[in-house]
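Given chain W's structure and the hints, the job is docking chain L onto it.
What follows is each chain in one-letter form.
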Amino acid sequence: MKFAFTDEQQMLRDTSQAFLADKSTSAAVRAACVSPEHHDAELWQSICEEMYWQGILIPEHVDGLGLGWVEMAIVLEAAGERLLTSPLFAVAQSTAASPLFAVAQSTAALVGCPASEMRDLLLSSLAAGNVISLAMGNQSGGWDSVGVTANETSTTTVLSGEARFVPFGFAAAKLLVVARDASNTLTLWVVDPQQDGVFVEPTPTMDQTRPMATVRFERAAVSSDQLLATQADELVSDTLALSRILTVADQVGVAQASLDISVDFTKERKQFDRTIASFQAIKHKAADMMLKAESARSLLYYAACTADAWLAGEVDRDALHEAAYMASACASDAAFFNAGCGIQMHGGVGITEEYDIQLYFKRARATESYLGRPSEMREAIACQLLDGDVA
Amino acid sequence: MKLTFTAADEQFREEVADWLNDNLRDEFADIRYRGGPGDEHHFVDERKAWERRLAAGRWTCIGWPDTWGGRAASIEQQVIFHEEYARAGGPGRMGHIGDTLTGPTLLAFGSEEQKAKYLPPIRDGVAFWSQGYSEPGAGSDLAAIRTKAVQDETSGQWKITGQKVWTSLAHESDFVFVLARVDRESSRHHGLGFFLVALDQPGVTIRPITQLTGTAEFNEVYFDDAVCDADDIVGAPGDGWKVAMGLLGFERGVSTLGQQMLFQTELDEIIRIARANGASRDPDIRQRIAEAHIGLKTMRYNSMRMLSGGEDGSLSREAMIYKLYWSSWHRNLGKLAMDVLGPEAELIESGPYELNKLQSLFLFTRADTIYGGTNQIQRNLIAERALGMPKEPRGQGK
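Respectively, the protein sequence lines represent chains W and L.
What the first sequence shows, in this note's numbering, is residues 58 to 448, in sequence order.
What the second sequence shows, in this note's numbering, is residues 7 to 404, in sequence order.
Just chain W, same shape as in the assembly:
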């Protein structure tokens, strides 16, 4: 048993943090948020060419790195994090202001699809740095509700309805679309956003680092070679669990960064002729924040190991889903608690636009309910523990 990073994983962590400290500064993040593309296209290009993070989960035979979920978590955690090394620049938040998250999520869905030429083509395309977004949720009645239908006509199949909260949907070269068919089972399609009947609308978000889109389908005709999976209820539900783990990685980074920048601030700020970091009222808040961040990190890496074990056939889907529920509940709470405490520790400047803690606060809020509120995660656990027959 070694529930610790291997040397290679530690190296990946170190290089991710170093790269982002350099490229994804506070100024860069802020610029990306208001740019027309909502991200720094140049940075995304250098991630794809120099770091190859988009290829972590992609199998080697389709040009990926064939690494695992622990590696993906390491990079996404670094993506949510601000590095201590440079207090002047120091924001390493931005890869989710690039399409990395969207790409990882789509990869997770694709890896679970039955093998097909189209699937491998899409994975190669992801490995080449193209953005493919997963259009899954509708959120009128939970994250597993699907707002798109696939109905057969005499000549073809048409998609109708709406998918909301599609990460980087407006930048996607292709969309993976979950749709319910006439027999009430889920199907997964690949759709070109330019094709007839598909309307992609960017949706401005309170957290500008995680831009999204709504995708509307008005009788968009799709052909059978666009069909990636049928009977896809389990696939979609498993992708949801995996997506939660990706989000948890981001939240752990946010929780850690909120702690780090706030503690640094309190070591500089003086009142009553002392740094405010020397007051127990501040220290105890910081200690609670560290407890939250470390705990969320433990569940993140447990969940990432569970995802790897599930893909290797060593544990069943229930284990994957339970791990995702638990990690999501814990990390959502941790990120929001830490960012909220962080604002308080900053005092007045915490609510200014100038300081970065507000960016973390918004991102913590955004990720907290993305893919399900913490109370929904806990209710899912409660169902397992309290309902049904006693084992």
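A couple of the hints might just be wrong.
[Stated by the list, open to error] Heads up, simulated DSSO-like pairs for lysine-lysine below, C-alpha to C-alpha not over 27 angstroms straight-line: (1) K397/L / K248/L; (2) K363/L / K397/L; (3) K419/W / K324/W; (4) K324/W / K397/L; (5) K8/L / K54/L; (6) K80/W / K419/W; (7) K327/W / K397/L; (8) K397/L / K59/W; (9) K248/L / K154/L.
[Stated by the list, open to error] Derived, one-sided and incomplete: chain W residues facing chain L with beta-carbon distance under 10 angstroms: (10) Q66; (11) A384; (12) E436.
Rather than coming from a laboratory, the hints here were simulated on the basis of the structure.
By construction, the Cβ of each residue, glycine as well, lies at the ideal position given by its N, Cα and C atoms.
Showing chain L alone in chain W's frame:
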């Protein structure tokens, strides 16, 4: 990054489980699941006999080196032992202070004579130890110790005078290690000595402290010219603080997974009651039970990270949060138990004040966030050692 044990470790697990299955029965059947925190005053003689049985199977002091009768067990193996011990319902260990505190301290700081004199009886399960750190005026501020030790110039013998408090099971123990001031001019952590003192002597008086549960496992221990031989000071006079702090470093968390298994038993009981009495339909109770379940898993993976940490024995960040985490979790569990039981929680089943398990849990877990460093002290330690925040300025007075 791996969450599974090696095949060799799994074989060790089987060995432990088999031995416990063969031995924790018959005359020891009644002490299964007994003698844990809040219940330590029960079955003392039987649990001492159990220590001798453990010793006969080489299951005491498994982390000690072979030379002193241990198994030189790896961290993983010690974790496994604790886990299987808890799974089998092994009783609260009468020998745990000798095994995990006195022993490692003597191995690190003791003389050869001290090792030869004190280690074998601990290893054999025939000598029981208690600890004498806290005093009425030295709780969170441990360095404020006032108990003093004076050396007789001719015989070299030490005479100890003062008062220790919160000494678990002193009345059932043979020895106590005592931190006392050897230099009356000294203050704080300077000028202290670390003494090995026999409890059965005229200069020692032990008074039990009755707790809010009505039971008494803690004591006050009074020293009035209690005698300690010249050879029974560990390290040099004045090195007491170093020895005592070294002792804290021996806690690598090997017992944490075993502790969590006991917590799981408690949570399972609460879930069983909630399902039976309908509390499981209360949305707030559902959230809290889920939260407790998630918290217990969190502890498990926090521990796994802690145990997988560096071999240098330095405390990792995960290790620093552990006490704060489990004590808060356990205290909340006690309250959850009461809320699940509702008005039933009030009813005393027997005797003038014989509490049931969950009532004891509720009341005694208020101690969890106090002993071994209060939650406030834990937060200070985390902020200062892990986050590098400044120390609180000290008060001025004497």
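Hint numbers contradicted by this structure: Per hint list: 2, 5, 8 violated.
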